[in-house]
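A.B. asks: Can you make the complete structure from the sequences, with help from the hints?
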Amino acid sequence: MDIEEDKQQTLRSPLIDNNIQGHGEGGIHGEISKTNTSTIHQKGIDDERKKKVVVEEVKKQLWLAGPLICVSFLQFSLQLISVMFVGHLGELALSGASMATSFASVTGFSMLLGMSCALDTLCGQSYGAEQSHMLGIHTQRAMLVLSLASIPLAFIWANTGTILVALGQDTEISREAELYARYMIPSIFAYGLLQCLVKFLQTQNIVFPMMIGAGITTLLHLLVCWILVFKSGLGSRGAALANSISYWVNVVLLALYVKFSSSCAKSWTGFSKEALHNILTFLKLAIPSAVMVCLEMWSFEMMVLLSGLLPNPQLETSVLSICLNTASTVWTIPFGLGNAVSTRVSNELGAGNPQAARLAVSVVLVMAVTEGVLVGAVLILIRNIWGYAYSNEVEVVRYVAAMMPILALSNLLDGLQSVLSGSVRGCGRQKVGAFVNLGSYYLVGIPCALLFAFVLHIGGMNHKLLKHKSKLIFPKTTLLLSEVLADLTSDSRSDSSTGTAMAVKTSTALSEDLHLVEDGGAVVGDDDLAGGGGDQLVHALGAQAGPDGVGHGPGGHDIGAADVFLAFVVHVGLGF
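Here my numbering is used: the first residue of the sequence shown is -19, the next is one more, and so on.
Simulated from the structure, these hints should not be mistaken for laboratory data.
Built from N, CA and C at the ideal position, the CB exists for glycine as well.
Be aware that a few hints might be false.
[Said to hold, decoys possible] DSS-like cross-link-like pairs, simulated, lysine-lysine; straight-line CA separation at most 27 Å:
{"#": "1", "residue 1": "Lys239", "residue 2": "Lys253"}
{"#": "2", "residue 1": "Lys40", "residue 2": "Lys253"}
{"#": "3", "residue 1": "Lys253", "residue 2": "Lys264"}
{"#": "4", "residue 1": "Lys264", "residue 2": "Lys411"}
{"#": "5", "residue 1": "Lys39", "residue 2": "Lys246"}
{"#": "6", "residue 1": "Lys40", "residue 2": "Lys239"}
[To be verified] The following label-pair restraints were derived from C-beta to C-beta distances:
{"#": "7", "residue 1": "Ser308", "residue 2": "Leu418", "range": "19 to 25 Å"}
{"#": "8", "residue 1": "Leu124", "residue 2": "Met282", "range": "28 to 34 Å"}
{"#": "9", "residue 1": "Phe251", "residue 2": "Leu72", "range": "42 to 48 Å"}
{"#": "10", "residue 1": "Val232", "residue 2": "Glu254", "range": "20 to 26 Å"}
{"#": "11", "residue 1": "Met64", "residue 2": "Val353", "range": "26 to 32 Å"}
C.D. replies: Below is the structure:
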């Protein structure tokens, strides 16, 4: 009898049962009304939580990006300041210093900067996984590798003149460039160490000491340049030597902070023999990272060389150099954003929070677009006067004015490219980024520039326009990669998603390079980093992602692009 009553109780509908037991005919409607009210209330709470999560992410990225932008600009300005001092010594000295600076950037600085980006992945994810002692070991290993790599680069710089003459450059200018480059040789060893220390601090979210150190270095650089160029009688050699001194000053300042600051007590425990092991593991990330950076920077230098082959090469080269200098200056902003999101993504993946990493990418994309639009608007507004900062020639000023809208478009695209490249570095997907750069710049961009400039004879402005139009393929391709990675972080095991196969395949490949994190947060060793362990990563990501392919904040609340954009605009508008 009891069993029959239980069956009947089980078959009852809650609403019907409530209606039977309710008083009057308002039972059903009252229950539905309560349910709707509860749903609306819950939705309001969820919306508030979404905005709060996005605002917190915006705060974190702005807190990181602001100082990193300053650091990037101040470090970039060191060489620019030296060239400006040399400009007062005469045309030959200026030409030699400019050529030597460009040569040093292509053959040295870009390679070391790229190799140091491997620490974005290694140190960032170690910090997120609370393996603090590994940060010092990774950094020491990077210092060793970059110092060894600087030795052959120093020999290349010592023979700058011979190489430039072999490339068809003017003999007199090439000799002046070699003299300048030789006095810059000490700077290449400092630069590698400096970038390692920067990544070491950046991945721990320690950014303000770097900004202060870079500011002190830049102020000292002005004084050192003035003394060595005008007071010591060294001339252009003094400017090159000032570069070396300033880079070493910056290294010493950061090294002292790392040594004596309590913020680095857990991450820097002294030099370790472990840094001598697994060097090949580091190179598997460092080499693709260097290729990513070098392929992009070399393409711009190639544009300068090609412009010298156009009709009226003096005008074309001058205008293109002005535009590239301007682009390099404003590029420090998205470069800082890229470093910030690289840190956020690597930290969150290291902590086993792939959904938070995806949110970080969404936020930085909105920030990059906003920055691109604002900076682009400024460039367009000043287009008719900007050329006077470099030249008094009316023809040059007009040509620069015509190029500025193209430069504004380029800045917008480079902004997207920079932040997506930072996301790629944070995920450890430098190999993919290298192939994307190779295809977009060298299989599309430069061939289009050659075709329209030298075959169709469109001219310098239009060949630059075509080059930047071809660069649309780079951010679009990288955006596709980002979407694949976002799909990976949101749902890498859901069989119901149409992108599941690609996501799982990507996650398995990702494990070959990524510093993997298991469910408990323990970092997989360097042997696993070199290969294998794909199932662990898929499990780690899948276990923390929603089943619907949508990014989630804390508590499983869906966060869309509209939420990110709205919260970002409100936060920036109202301030902290």
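A.B. asks: All the hints need checking, so say for each whether the structure fits it.
C.D. replies: Hint check:
1. In summary, the hint linking Lys239 to Lys253 is supported, as the alpha carbons are separated by about 18 Å, within the 27 Å threshold.
2. For the proposed pair Lys40 and Lys253, the alpha carbon gap of about 35 Å is over 27 Å, so the pair is violated.
3. The suggested pairing of Lys253 with Lys264 holds, with an alpha-carbon distance near 20 Å, which does not exceed 27 Å.
4. Our distance criterion of 27 Å between C-alpha atoms is met by Lys264 and Lys411, whose separation comes to about 9 Å.
5. Using a Cα cut-off of 27 Å, the hinted pair Lys39 and Lys246 holds, with the two alpha carbons roughly 25 Å apart.
6. For the suggested pair Lys40 and Lys239, the alpha carbons sit about 26 Å apart, so the restraint of at most 27 Å is met.
7. Between Ser308 and Leu418 the Cβ separation comes to about 21 Å, which falls inside the hinted range of 19 to 25 Å.
8. A hinted range of 28 to 34 Å for the beta carbons of Leu124 and Met282 is consistent with their spacing of about 32 Å.
9. Checked against the hint of 42 to 48 Å, the pair Phe251 and Leu72 passes, with Cβ atoms roughly 46 Å apart.
10. Taking the beta carbon of each, Val232 and Glu254 are about 25 Å apart, inside 20 to 26 Å as hinted.
11. The given range of 26 to 32 Å is respected by Met64 and Val353, whose C-beta atoms sit roughly 30 Å from each other.
Checked against the numbered hints listed earlier, the structure breaks hint 2 alone; every other hint is satisfied.
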